[in-house]
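Student: So the protein lines, in turn, are chains Y and E. Quick note on numbering: full-length UniProt numbering labels position 15 of the first sequence as 15, and the sequence is numbered without any gaps. Quick note on numbering: full-length UniProt numbering labels position 87 of the second sequence as 87, and the sequence is numbered without any gaps.
These aren't lab readings, by the way, just hints derived from the structure by calculation. Possibly wrong hints are sitting among the right ones.
One copy or any two copies: either way a pair holds, since identical chains are not told apart in the list.
Cut-off 20 Å, straight-line C-alpha distance, at most; resulting in silico cross-link-like pairs (SDA-like, lysine to any residue) [stated by the list, open to error]: (1) 112 - 9; (2) 21 - 189; (3) 71 - 37; (4) 82 - 20.
Protein chains: 2
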Amino acid sequence: MELLKQKILLEGTVLNEKVLKVDSFLNHQLDPVLTMQIGAEFARRFEDCTVDKILTIESSGIAVALATAVKLNVPLVFARKKRSLLMSEEAYTTEVYSYTKQETNHITVLKKFLPAGEKVLIIDDFLASGAAASGLAVLARQAGCEITGIGIVIEKSFQGGAAKLRQAGYRVESLVRIGSLKDGKVTFL
Amino acid sequence: MELLKQKILLEGTVLNEKVLKVDSFLNHQLDPVLTMQIGAEFARRFEDCTVDKILTIESSGIAVALATAVKLNVPLVFARKKRSLLMSEEAYTTEVYSYTKQETNHITVLKKFLPAGEKVLIIDDFLASGAAASGLAVLARQAGCEITGIGIVIEKSFQGGAAKLRQAGYRVESLVRIGSLKDGKVTFL
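Using the sequences and the accompanying hints, generate a full structural model.
Tutor: See the structure below:
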């Protein structure tokens with residue numbers, strides 16, 4: 001997605017060889033026009049598939065997942081990283097380690113929102129080691145859902161998560177694939 | 001907002017006299033059509049104002065804030081409840097207690113995303129005691145921003161937060177106002 005590449009080159013900051021900061025448009029401040037275009041692009045890439053529901057994880061996945069849900073006209077569910085007092089019902093849960101937060105979360109979706117047999121499209125902002133996307137796939141499989149595919153805004157291909165998910169048979173559609181962040185520079189694949 | 005009232009009566013669950021659960025369309029599963037209509041309604045209510053930026057808080061505020069940002073064509077910023085490794089820059093921060101999570105968070109926005117003088121519209125899903133909205137207002141005031149108003153999807157008027165904010169001089173626009181959750185029943189104002 002050319003527009004996204006330009007935005008990354010213009011506004012992204014390479015913090016180190018592993019971390020690209022895009023907080024001006026993707027995960028702290030959001031550009032609504034770009035966000036809706038990202039949703040439209042995911043919808044286009046998966047237009048040959050049946051999608052009953054979008055599955056994402058709080059917080060940075062929500063905006064791009066909503067933009068996709070609007071285009072595909074299907075509901076979205078976001079996994080919670082922390083159970084609230086209101087989530088007393090039966091839930092699917094699994095552990096996900098966050099590198100940027102340096103913590104392990106039990107991510108959770110209430111069972112009633114993932115009926116067996118539904119075709120689920122997983123959407124997230126970043127794919128690095130693949131922990132979050134794999135965790136969401138675990139929840140969907142626990143539920144007996146079919147995973148249509150995984151849509152990622154920015155894939156850091158050099159961290160191996162995308163390759164692992166593709167080897168496991170998932171269709172991973174990344175809008176931008178980054179081959180390296182060496183020497184403070186973003187190199188796209 | 002009549003549509004939202006109908007949705008609450010149809011799908012909401014009164015857990016006790018203080019808590020209304022609307023996780024099927026507002027804060028766990030999201031209905032994309034309704035979400036965009038909520039954004040359009042906020043845009044309509046504040047159409048007489050200048051808005052430079054939407055300010056909300058993760059996670060449940062993000063979707064409705066994005067829908068509003070799309071309609072008003074302005075960026076949105078969501079306050080983080082937890083600082084990540086990537087938020088090393090200077091930030092505005094304040095304490096907010098969450099009743100449903102039973103924890104105090106230091107909510108944070110990077111200074112660069114709240115320039116002094118900007119006109120900020122605060123958006124959130126619920127207003128009960130007003131802790132979250134007040135916290136966001138504190139951040140905006142720390143930044144020297146002007147607060148255009150506060151847009152709330154569901155105001156639980158009987159918990160006093162909305163009255164407190166209105167007394168403090170803020171324009172609070174709530175799409176639905178709930179007067180009571182007594183006897184397992186939602187009573188609108």
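Student: It remains to establish, for every hint, whether it holds in the given structure.
Tutor: To see whether the hints hold, each was checked on the structure:
1. In the homo-oligomer, the alpha carbons of residue 112 and residue 9 lie at most 20 Å apart only across protomers (19 Å), although the nearest pairing inside one protomer, at 42 Å, exceeds that limit.
2. Taking the shortest alpha-carbon separations for residue 21 and residue 189, only the intra-copy value of 18 Å comes in at or below 20 Å, while the best inter-copy value is 45 Å.
3. In this assembly of identical chains, residue 71 and residue 37 lie within 20 Å of each other by CA distance both inside one copy and across copies; the values are 10 Å within and 14 Å between.
4. For the identical chains of this complex, residue 82 and residue 20 are inter-copy neighbours only, at 19 Å across copies versus 26 Å inside a copy, given an alpha-carbon limit of 20 Å.
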